[in-house]
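Protein chains: 2
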Amino acid sequence: MATKPSIPKGTRDFTPDEMDRRNYIFDTIRSVFRLYGFRQIETPAMENLSTLMGKYGEEGDKLLFKILNSGDWRQGITADRFAEDSVPQLTNRICEKGLRYDLTVPFARFVVQNRDKIQFPFKRYQIQPVWRADRPQRGRYREFYQCDVDVVGTDSLLSELELIEIVREVYRRFGIRVSLHLNNRKILAGIAEVIGMPDRLTDITVAIDKLDKIGLDNVNAELLEKGLPCEAVDRLQPILALSGTNVQKLMALRQILAGSETGLRGVEETETILRLYAGSYADAASSDVFRVELDLTLARGLNYYTGAIFEVKALDVEMGSITGGGRYDNLTGIFGMPGVSGVGISFGADRIYDVLNQLDLYPAAGNAQTKVLFAHFGDAEQLCCLAWARRLREQGVNCEVYPDICKIKKQMNYADQKHIPFVAIMGSDEMAAGTVMLKNMLTGTQQAVTKEEIMNCIS
Amino acid sequence: MATKPSIPKGTRDFTPDEMDRRNYIFDTIRSVFRLYGFRQIETPAMENLSTLMGKYGEEGDKLLFKILNSGDWRQGITADRFAEDSVPQLTNRICEKGLRYDLTVPFARFVVQNRDKIQFPFKRYQIQPVWRADRPQRGRYREFYQCDVDVVGTDSLLSELELIEIVREVYRRFGIRVSLHLNNRKILAGIAEVIGMPDRLTDITVAIDKLDKIGLDNVNAELLEKGLPCEAVDRLQPILALSGTNVQKLMALRQILAGSETGLRGVEETETILRLYAGSYADAASSDVFRVELDLTLARGLNYYTGAIFEVKALDVEMGSITGGGRYDNLTGIFGMPGVSGVGISFGADRIYDVLNQLDLYPAAGNAQTKVLFAHFGDAEQLCCLAWARRLREQGVNCEVYPDICKIKKQMNYADQKHIPFVAIMGSDEMAAGTVMLKNMLTGTQQAVTKEEIMNCIS
Numbered sequence: 019m020a021t022k023p024s025i026p027k028g029t030r031d032f033t034p035d036e037m038d039r040r041n042y043i044f045d046t047i048r049s050v051f052r053l054y055g056f057r058q059i060e061t062p063a064m065e066n067l068s069t070l071m072g073k074y075g076e077e078g079d080k081l082l083f084k085i086l087n088s089g090d091w092r093q094g095i096t097a098d099r100f101a102e103d104s105v106p107q108l109t110n111r112i113c114e115k116g117l118r119y120d121l122t123v124p125f126a127r128f129v130v131q132n133r134d135k136i137q138f139p140f141k142r143y144q145i146q147p148v149w150r151a152d153r154p155q156r157g158r159y160r161e162f163y164q165c166d167v168d169v170v171g172t173d174s175l176l177s178e179l180e181l182i183e184i185v186r187e188v189y190r191r192f193g194i195r196v197s198l199h200l201n202n203r204k205i206l207a208g209i210a211e212v213i214g215m216p217d218r219l220t221d222i223t224v225a226i227d228k229l230d231k232i233g234l235d236n237v238n239a240e241l242l243e244k245g246l247p248c249e250a251v252d253r254l255q256p257i258l259a260l261s262g263t264n265v266q267k268l269m270a271l272r273q274i275l276a277g278s279e280t281g282l283r284g285v286e287e288t289e290t291i292l293r294l295y296a297g298s299y300a301d302a303a304s305s306d307v308f309r310v311e312l313d314l315t316l317a318r319g320l321n322y323y324t325g326a327i328f329e330v331k332a333l334d335v336e337m338g339s340i341t342g343g344g345r346y347d348n349l350t351g352i353f354g355m356p357g358v359s360g361v362g363i364s365f366g367a368d369r370i371y372d373v374l375n376q377l378d379l380y381p382a383a384g385n386a387q388t389k390v391l392f393a394h395f396g397d398a399e400q401l402c403c404l405a406w407a408r409r410l411r412e413q414g415v416n417c418e419v420y421p422d423i424c425k426i427k428k429q430m431n432y433a434d435q436k437h438i439p440f441v442a443i444m445g446s447d448e449m450a451a452g453t454v455m456l457k458n459m460l461t462g463t464q465q466a467v468t469k470e471e472i473m474n475c476i477s
Numbered sequence: 019m020a021t022k023p024s025i026p027k028g029t030r031d032f033t034p035d036e037m038d039r040r041n042y043i044f045d046t047i048r049s050v051f052r053l054y055g056f057r058q059i060e061t062p063a064m065e066n067l068s069t070l071m072g073k074y075g076e077e078g079d080k081l082l083f084k085i086l087n088s089g090d091w092r093q094g095i096t097a098d099r100f101a102e103d104s105v106p107q108l109t110n111r112i113c114e115k116g117l118r119y120d121l122t123v124p125f126a127r128f129v130v131q132n133r134d135k136i137q138f139p140f141k142r143y144q145i146q147p148v149w150r151a152d153r154p155q156r157g158r159y160r161e162f163y164q165c166d167v168d169v170v171g172t173d174s175l176l177s178e179l180e181l182i183e184i185v186r187e188v189y190r191r192f193g194i195r196v197s198l199h200l201n202n203r204k205i206l207a208g209i210a211e212v213i214g215m216p217d218r219l220t221d222i223t224v225a226i227d228k229l230d231k232i233g234l235d236n237v238n239a240e241l242l243e244k245g246l247p248c249e250a251v252d253r254l255q256p257i258l259a260l261s262g263t264n265v266q267k268l269m270a271l272r273q274i275l276a277g278s279e280t281g282l283r284g285v286e287e288t289e290t291i292l293r294l295y296a297g298s299y300a301d302a303a304s305s306d307v308f309r310v311e312l313d314l315t316l317a318r319g320l321n322y323y324t325g326a327i328f329e330v331k332a333l334d335v336e337m338g339s340i341t342g343g344g345r346y347d348n349l350t351g352i353f354g355m356p357g358v359s360g361v362g363i364s365f366g367a368d369r370i371y372d373v374l375n376q377l378d379l380y381p382a383a384g385n386a387q388t389k390v391l392f393a394h395f396g397d398a399e400q401l402c403c404l405a406w407a408r409r410l411r412e413q414g415v416n417c418e419v420y421p422d423i424c425k426i427k428k429q430m431n432y433a434d435q436k437h438i439p440f441v442a443i444m445g446s447d448e449m450a451a452g453t454v455m456l457k458n459m460l461t462g463t464q465q466a467v468t469k470e471e472i473m474n475c476i477s
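Heads up: the protein sequence lines correspond to chains A and B, in order.
Counting with the working numbering, you get residues 19 to 477 for the letters of the first sequence.
Counting with the working numbering, you get residues 19 to 477 for the letters of the second sequence.
FYI, nobody ran anything at the bench for these hints, they're computed from the structure.
Computed from a predicted structure; not experimentally measured.
Check the hints yourself; a few may be wrong.
As a list, the in silico DSSO-like pairs of lysine-lysine whose alpha-carbon atoms are at most 30 angstroms apart [to be verified]:
#: 1; chain 1: A; residue 1: Lys27; chain 2: B; residue 2: Lys469
#: 2; chain 1: A; residue 1: Lys389; chain 2: B; residue 2: Lys135
#: 3; chain 1: B; residue 1: Lys27; chain 2: A; residue 2: Lys27
#: 4; chain 1: A; residue 1: Lys244; chain 2: A; residue 2: Lys231
#: 5; chain 1: A; residue 1: Lys80; chain 2: A; residue 2: Lys331
#: 6; chain 1: B; residue 1: Lys428; chain 2: B; residue 2: Lys22
#: 7; chain 1: A; residue 1: Lys80; chain 2: B; residue 2: Lys80
#: 8; chain 1: B; residue 1: Lys428; chain 2: A; residue 2: Lys135
Rough simulated footprint, nothing fancy, chain B against chain A, three-plus residues with beta-carbon under 8 angstroms [as the list claims (entries may be wrong)]:
#: 9; segment: 28-37
#: 10; segment: 43-54
#: 11; segment: 113-124
#: 12; segment: 129-138
Ideal Cβ positions, reconstructed from N, Cα and C, are used throughout, including at glycine.
From just these sequences and the hints, can you work out the full model?
Shown next, in the form of structure tokens:
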């Protein structure tokens, strides 16, 4: 006997029950995206490595899954070269393609490559798997889905508002209470400026990003360790200590950033976004299911964000960010198309899956499920069931006729395991009477029904 | 400036218009699968090469996309070994994983690996891309979707009936006239037996598979060339010449195959399937949109089929098979789980896409589309539009507010390009009157409507 087969570590099979739940997530997110006029695209799983390499930092390059060239990939590589080249050099010789690492870079590539076919402002969403050769661990996979929504070709802050509305509506539909953390790259740049360290933006944001986790003292220690002068760290303190409402924080920031044009623009953008949002929702300041919170410690993926930065956290579950994104002014620049501003967010389907599981928020089995199983006592009864099933299907009801001739108990067990809510049992008496014995698997009640009656009884 | 980016040959980007059409195909197929109680699974894009290798023949092994091991893949391979090993040996050393080549082998692997979690008979469908390093050509891609539906764990011929019904219903919904060709591996084996060549089944079926394309004389020549004795080829002639209705062909086959137990069982199975099908549809024998035709020349993928074999062709378009499949008695045997009979078919989404395009059978834009674009003359008007849009969205209407402040003409053009059927124009007069000027983009008519009236006007 062959050994039991397995799948690569960090990847998963999804059973029908799991797929029902995942489809519920994708369908919910998709329908909200569509409500705002976003349209779907798909890109290939494989991209040229020239498209992917260098876009995710040195670490990212290593985490790309690379595809071995087809045919005689060894051709032209001598044994000397094999021994002397570095592994990355050799990899480059034998692999031209890799699996996509996220949906953002392929999207930028798509926009540039299809610029003549698309209409700007281009509102697109994309729901596809991505692959990363990360060390697998709990909640981190080597294949996982991203659900991205972006608009490119406009710098209107209405787009930021739309994304906030989308986040709010998606989590309202899921029933997950969340807070949306909002920051702005220009505010961060302004902070670096006013403390006299405009070149140390990355070090500063990397350190203050950890404020929640390691506390103020450790953040300060890290900043000093990285060579920031005491004076700069001192100047940073009132900023790190900012508290109060969003309005209070912004008022304080206006004072603090008075010397930085960039910083003040960031404050202004943030004020506009929050004002638009308050105009949209009467409960904007007070909702306890959805909060928008100005959070100066938020930096994520700073490398390409240029304006607003978003991150969403569930309020009732310990879990990292479940949605995040921001504005980028030059994503397509790397592919030779400068000056296209865009803003987008990405929903993490796998983490949302875990949150819904932990909070037990999944709806009862949906319309993908079989509604009626026809069980029967023999060949003639089975044939009779076929006609009944055909009739139900014509009315759009998902149903099954048990394929084998076997004990009713086994057939009932099948319905049970498959969570089928109704079993219609066909015996010789029922056949003669033109009825079927319809059993409600939830309540256990049963009654004889005719072909005319059955639709009403299962609705 | 960077060079214009591209994607690997044989792969495709899908624009929003293309995605609408593809989703129409997937949604239609999926809803019919569900009507019959099939449930969805997904498997990882990457499988261990040990799962994939040897399952698709020697040619198939070459067409697998292989994933380079992560990290230092060169470790342990000396320059000598690099120079002296064969390319497949070396590949084996540096690659553990590959991209799935079809959905059948991963499904068999899934069933064996998850046998404790699933309920038999197991009715599953799977709609995912597969990858093959084939030479790209018109209509053949290196990444394409398959839509597979299978039931395993029963040998009931009701399952064959269900698959035929599914094919009929799917193409009825598409509006594509098709014929379903039906054969049976046992009949083919019987034929080889009665002409005295039981060991030459593959040669015989490969040759007669070409009857349509190269004609009878060439088929006979090929058989002789392959070393079949004249006498055997002579005995084959009445079989190749079989004509008439399915019933007539089966009656003739009963005579011809009288000496082969296997052959007669194939005839019987086919009779049962056709009888079940005739019982289901009053027009079974005469429909001119869906025909079931016994076709002895049909062999496809003979290697693992053991009973019924199906293939579907569009009647009004020159195109290869658009759907195909059959029964297999031992698919999971390769993974150590013998005795699980199953039957399944696969819909080729890309070919169906081409057929629908050629016959111009796509429905008008569906519910994924934006229904209303709010266009406006300035900032105040744009803000006002937000409230209108919010109200429509609460009623489930997909709509957009144009994000930039710009000429109405540009906004109208955006709606036009995006096939948005209604534009609601907001000027200062409308704002003052609490109305919006609603333009029907199809008819060109326009009228002022209130918030209360707009829903009726766009339905």
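Checked hints:
1. Note on Lys27/A and Lys469/B: the hinted pairing is violated, with a Cα-Cα distance of about 55 angstroms set against a maximum of 30 angstroms.
2. Between Lys389/A and Lys135/B the CA atoms are separated by roughly 21 angstroms; this keeps the pair inside 30 angstroms, and the hint holds.
3. For the hint pairing Lys27/B with Lys27/A, the CA-to-CA distance comes to about 29 angstroms; that is within 30 angstroms, so the pair holds.
4. Annotation: proposed proximity of Lys244/A to Lys231/A holds, straight-line Cα distance about 18 angstroms (limit 30 angstroms).
5. Only pairs whose Cα atoms come within 30 angstroms are accepted, and Lys80/A paired with Lys331/A is accepted, the gap being roughly 29 angstroms.
6. In summary, the hint linking Lys428/B to Lys22/B is supported, as the alpha carbons are separated by about 27 angstroms, within the 30 angstroms threshold.
7. With a C-alpha separation of about 26 angstroms, the suggested pair Lys80/A and Lys80/B falls inside the 30 angstroms cut-off, and the hint holds.
8. A hinted pair counts as satisfied when its Cα atoms are at most 30 angstroms apart, and Lys428/B with Lys135/A qualifies at roughly 17 angstroms.
9. For the segment 28-37 of chain A, the stated coverage by chain B holds: 7 residues have a C-beta nearer than 8 angstroms to a C-beta of that chain, and at least 3 were required.
10. Counting residues of the segment 43-54 of chain A whose beta-carbon sits less than 8 angstroms from any beta-carbon of chain B gives 3, enough to reach three: the coverage restraint holds.
11. Here's how the segment 113-124 of chain A fares: 4 of its residues keep a CB closer than 8 angstroms to some CB of chain B, so the rule of at least three is met and the hint holds.
12. Requiring three or more residues with a Cβ within less than 8 angstroms of a Cβ of chain B, the coverage given for the segment 129-138 of chain A holds, as 6 such residues are present.
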